[in-house]
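Sequence order for the protein chains is A, B, C and D.
Per the working numbering, residue 125 is the first one in the first sequence, and the count goes up by one each step.
Per the working numbering, residue 125 is the first one in the second sequence, and the count goes up by one each step.
Per the working numbering, residue 125 is the first one in the third sequence, and the count goes up by one each step.
Per the working numbering, residue 125 is the first one in the fourth sequence, and the count goes up by one each step.
Hints listed in this document are in silico derivations from the structure and should not be mistaken for laboratory results.
Watch out, some of these pointers could steer you wrong.
Said to hold, decoys possible - Lysine-lysine pairs mimicking DSS-like chemistry, simulated, CA-CA at most 25 angstroms apart: (1) A:Lys165 x B:Lys153; (2) A:Lys221 x B:Lys404; (3) C:Lys242 x C:Lys227; (4) B:Lys175 x C:Lys165; (5) D:Lys165 x C:Lys175; (6) B:Lys165 x C:Lys221; (7) D:Lys242 x D:Lys227; (8) C:Lys221 x D:Lys175; (9) A:Lys165 x D:Lys165; (10) A:Lys165 x B:Lys404; (11) C:Lys175 x B:Lys165; (12) D:Lys227 x D:Lys203; (13) A:Lys153 x D:Lys165; (14) B:Lys175 x A:Lys165; (15) A:Lys175 x A:Lys203; (16) D:Lys306 x C:Lys165; (17) D:Lys165 x A:Lys175; (18) D:Lys221 x D:Lys306; (19) D:Lys175 x D:Lys165; (20) B:Lys175 x A:Lys404; (21) B:Lys153 x C:Lys165; (22) A:Lys175 x A:Lys165.
There are 4 protein chains.
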Amino acid sequence: MDYGMYFFEHVTPYETLVRRMERVIASGKTPFQDYFLFESKGFGKVLILDKDVQSTERDEYIYHETLVHPAMLTHPEPKRVLIVGGGEGATLREVLKHPTVEKAVMVDIDGELVEVAKRHMPEWHQGAFDDPRAVLVIDDARAYLERTEERYDVVIIDLTDPVGEDNPARLLYTVEFYRLVKAHLNPGGVMGMQAGMILLTHHRVHPVVHRTVREAFRYVRSYKNHIPGFFLNFGFLLASDAFDPAAFSEGVIEARIRERNLALRHLTAPYLEAMFVLPKDLLEALEKETMVSTDQNPFYVTPEGEARQAPYKG
Amino acid sequence: MDYGMYFFEHVTPYETLVRRMERVIASGKTPFQDYFLFESKGFGKVLILDKDVQSTERDEYIYHETLVHPAMLTHPEPKRVLIVGGGEGATLREVLKHPTVEKAVMVDIDGELVEVAKRHMPEWHQGAFDDPRAVLVIDDARAYLERTEERYDVVIIDLTDPVGEDNPARLLYTVEFYRLVKAHLNPGGVMGMQAGMILLTHHRVHPVVHRTVREAFRYVRSYKNHIPGFFLNFGFLLASDAFDPAAFSEGVIEARIRERNLALRHLTAPYLEAMFVLPKDLLEALEKETMVSTDQNPFYVTPEGEARQAPYKG
Amino acid sequence: MDYGMYFFEHVTPYETLVRRMERVIASGKTPFQDYFLFESKGFGKVLILDKDVQSTERDEYIYHETLVHPAMLTHPEPKRVLIVGGGEGATLREVLKHPTVEKAVMVDIDGELVEVAKRHMPEWHQGAFDDPRAVLVIDDARAYLERTEERYDVVIIDLTDPVGEDNPARLLYTVEFYRLVKAHLNPGGVMGMQAGMILLTHHRVHPVVHRTVREAFRYVRSYKNHIPGFFLNFGFLLASDAFDPAAFSEGVIEARIRERNLALRHLTAPYLEAMFVLPKDLLEALEKETMVSTDQNPFYVTPEGEARQAPYKG
Amino acid sequence: MDYGMYFFEHVTPYETLVRRMERVIASGKTPFQDYFLFESKGFGKVLILDKDVQSTERDEYIYHETLVHPAMLTHPEPKRVLIVGGGEGATLREVLKHPTVEKAVMVDIDGELVEVAKRHMPEWHQGAFDDPRAVLVIDDARAYLERTEERYDVVIIDLTDPVGEDNPARLLYTVEFYRLVKAHLNPGGVMGMQAGMILLTHHRVHPVVHRTVREAFRYVRSYKNHIPGFFLNFGFLLASDAFDPAAFSEGVIEARIRERNLALRHLTAPYLEAMFVLPKDLLEALEKETMVSTDQNPFYVTPEGEARQAPYKG
């Protein structure tokens, strides 16, 4: 490690990733979070929100394809899509790749961060915000859902993890919130979400989210992928009342990719299916999990990766 | 990061993992490598050889199950097994779990390191070195293979990556070496190996190994898994002249796990199969790779992750 | 910074010194503190107690000569000497260099640490513990002084700084403690002490100690020296009721060094004198300081270097 | 150490100072050096050139008073002053505090860096560049001196250390360069200079500079001070053919400070004098030094702090 500028990210309480910064593009503090955007040699631009890397220029396609397309492809004809969070605009970009989409609403609480992304992160949004089908709402996702009567075919949840007892995102990880999402799904609708890192010493993040979503939806399926720029395996999930998302056949997915003319760089139909096959230790952790996060007793993750429940005192 | 002792591991040339050390159990220098063994809170004991983490107490089962069982399970009745490298003894331990095994020879060049493992790492070997079926040979694997007339049903290669132009392991990554291994396989035999990290900025490590093995064997299949303690995805491969290792049916694997009464913590038959399904970007990297590592022009990996070829000047 | 083992020491809350460890010689936890002893290339062995470097093999002579000889040389004939703290034995070693000394009592609370020093740090004590004039007492210095009726010509205080509200050393930094020391001085006696780092952002440590000692003694003189292995300037002071320690003439000191045949590596009579000349900003900080640390309201230093007073709840 | 941005500065080859950056104000690369300017909590703005901290907002007054006033005060009436280097403008600011000064020429090779300082570092220059007595020349100092016929009463040399064999500053550390400086001194003139860190493991930097200057000037006197923001002791020196700079009486300095109405924050006349009193180990290192840096065989400092001589291949 030569002299110069570095970013410290605490991947676990005991392991820290030190990333060399070639250049700091922007850094600051919105009303909701600290942000840092810098140039790195290995990953291009790197966006950090609060304590954790959010995405990197060179591998964001892996994260965003993994987040978006399983939900979009298990739905036969997603026309109206809601994105909860997703400030950089790349989730929106991937959603809009599906020609079936007529309207994509993105609700993010942090308008200032969205401006940073618009100005400094064109590699992410690639003009998606200007697509006539895109609607950007700057608001708390929960408040938005309580207000709107709109219904969606697909809802994509792209939030940061509820790390820390004072994290306001905790109320977006409760049964009540997932029921609110479900109430805004059209018949046959599906919810896809980023569902926490999967790490030996942090195993309960994903299991608790999975267990909680299960309270709200009939069918819940976890899947995972390795995100290089995070240096971690990440968990995702699909939830639906209409059908079991794991029951899709590879042939159907293959056909939809072709029909919708999707240009994918990471996913294939077989790989999409394989992501849903989980190793034994993770399956066991999912099975034995009993914690359900509720509005009254929402869960949060300690820096040590433990899941705890306590009332949220905004 | 509190005051105290830390270990710096350069995961890439631009990203360094800083691991908190609770206690240093042993550190030193054998004729072949530096070693560090320390206690960490998240992963238990951590073994570092030269620059890179080798395995950690708490997740070594993931690495060793992933390395050993695909090869052992695709073979109908592995009786004689050769392990190249594998100093800690956990590869040996996993091999010996198969009741079909009559003799397991482990050849490691670094006798001093094996002694460190025997004394300080019982969680890894769990007495495997004392199994009457185990034979430990302290020697250069290549010299051993050139000398011996023994034939094996399965050969497991568990070496460190050939990072650096002066790395003597380079001569264990050539077509000639793989042919030498093949020459010591019984009919129907299979080779399994650790085959390099899979990382955006280091993509060519695994592709070059894959491409090179393909010169020596009729059937070569890559697979991958995330190793939490490495904070990376790692590549592995199976090679055989007798059969396509990816053509096994899930049912057969399932049956063999049951018949051999294997106690596995991470692998299941479906997950084992899913590890062989690779994402599009990696498939493309494998396809377009043309570099073949030879004795005359063995490849090595630069710290930047580039693959280069140059004669080895021991 | 190559791969390997490092020690993190937080020199300030915003600046951390990362020291490369070639080898960890010993580390552990006594009932009173964490200790780390390691080999470094630049400074030889380095001893860390809790959060801070205590001394290093290659420059400990600078620290210990600076701490011990001003007090010993301003006294015309130091026969009986008390050392408060000083676990490594080098303070004792320097005291015993004065042939006038008949008895040197060292009181350190941490017997386990003294054992570590005896076994692993011979470069420090150089056999001082075996000198027939040396008496080692393992006890709390305050309890010892309350118990003993002995009187001393010189008392050397060699303690760690009272960083942190729960630091038991706080009660060894109060007016009452300094009065207790004074009560054990023979007529004409002098107290010398390590009195905290002198750093822009930590200015109040030394001023508060200075101001507090002034409550107990008629004459108090601060001096300072740069300790390379600490990467800091450190403050020291002499206190006496009998004479002004800054009033010594260079000639007298020169003569005493010669008479006592002192082999010094860092100090000379002129340099000893020059250490008492302080820069303007430090003089102003000493003058304007008003905080007096008392048993009822002992001071402590926050990690930010602020001095605060609060009752000590052992 | 919380998550966030840090700067790594290698104080020695084995010790690295990690400084927390609150905000990066500017960073870039001029034709001559890398620069980083950031905000820190403990020291305010911090300027790094290439590998090392250059000065910090909160303690630059210590460095610049130490560099400038000994030379200026030992001269009875400095009217014309030359500054070699000194990009930030604070050396110029201190020089201009002396009302005797009629013209102060600052020659710095790096015009781009001077622009950065003008725009982002007003706390340093405080408008000094706009003083009608100030003349800024962007040029190599050696070329400038070879060209000009001007003579000066005081020359202040404020350069970075010649670390690294390819460092162009090496030719500003030779006997020939010092003779060139001398040739531009008026009768009775004096040269003052920053003369390298003084550190146990880097002892030869200052001794070699001292020894080399001694070849060019009749009287050479080293002095030192601790620079908090560098976490090091730094060496300086005065050189003159006219008089011994260490022979000034405290009273004369005191009187000149008063007459010139100098507002000093760190220096006093006694402290100025005390800085010239060196400890025994440093005196011995100066005495035994034999290396003389010449144009044919200029010295440089290795990262390990060793002094070496070799022809410079620009």
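message: Checking one constraint from the list: CA of Lys306 (chain D) to CA of Lys165 (chain C), max 25 angstroms. Satisfied?
response: Judged against 25 angstroms, a Cα distance of about 40 angstroms means the pair is violated.
field: Holds or violated: Lys175 (chain B) to Lys404 (chain A), with C-alpha atoms at most 25 angstroms apart
entry: violated (31 angstroms)
- request: Verify the proposed pairing of Lys221 (chain D) with Lys306 (chain D), using a straight-line Cα cut of 25 angstroms.
  value: Roughly 24 angstroms separates the two Cα atoms, so the pair holds.
query: Can the restraint linking Lys242 (chain C) and Lys227 (chain C) be considered satisfied, given a maximum Cα separation of 25 angstroms?
result: holds (20 angstroms)
task: Would you mind confirming whether the straight-line C-alpha gap from Lys175 (chain A) to Lys165 (chain A) stays at or under 25 angstroms?
output: holds (21 angstroms)
- prompt: Given the hint that Lys175 (chain D) pairs with Lys165 (chain D), does the C-alpha gap stay at or below 25 angstroms?
  reply: holds (21 angstroms)
- prompt: Lys165 (chain A) and Lys404 (chain B): Cα distance at most 25 angstroms?
  reply: holds (24 angstroms)
- prompt: Under the criterion that the straight-line Cα-Cα distance not exceed 25 angstroms, is the pair Lys175 (chain C), Lys165 (chain B) satisfied?
  reply: Judged against 25 angstroms, a Cα distance of about 19 angstroms means the pair holds.
- prompt: Is Lys165 (chain B) within 25 angstroms of Lys221 (chain C), Cα to Cα?
  reply: Given that 25 angstroms is the threshold and the Cα spacing comes to 46 angstroms, the pair is violated.
- prompt: Given the hint that Lys221 (chain C) pairs with Lys175 (chain D), does the C-alpha gap stay at or below 25 angstroms?
  reply: violated (43 angstroms)
field: Pair hint Lys165 (chain A) and Lys153 (chain B), alpha-carbon separation not exceeding 25 angstroms
entry: violated (32 angstroms)
task: Take a quick look at whether Lys153 (chain A) and Lys165 (chain D) sit within 25 angstroms of each other, Cα to Cα.
output: With Cα atoms ~17 angstroms apart, Lys153 (chain A) and Lys165 (chain D) stay inside 25 angstroms; holds.
The structure is inconsistent with the numbered hints 1, 6, 8, 9, 15, 16 and 20, although it conforms to all the rest.
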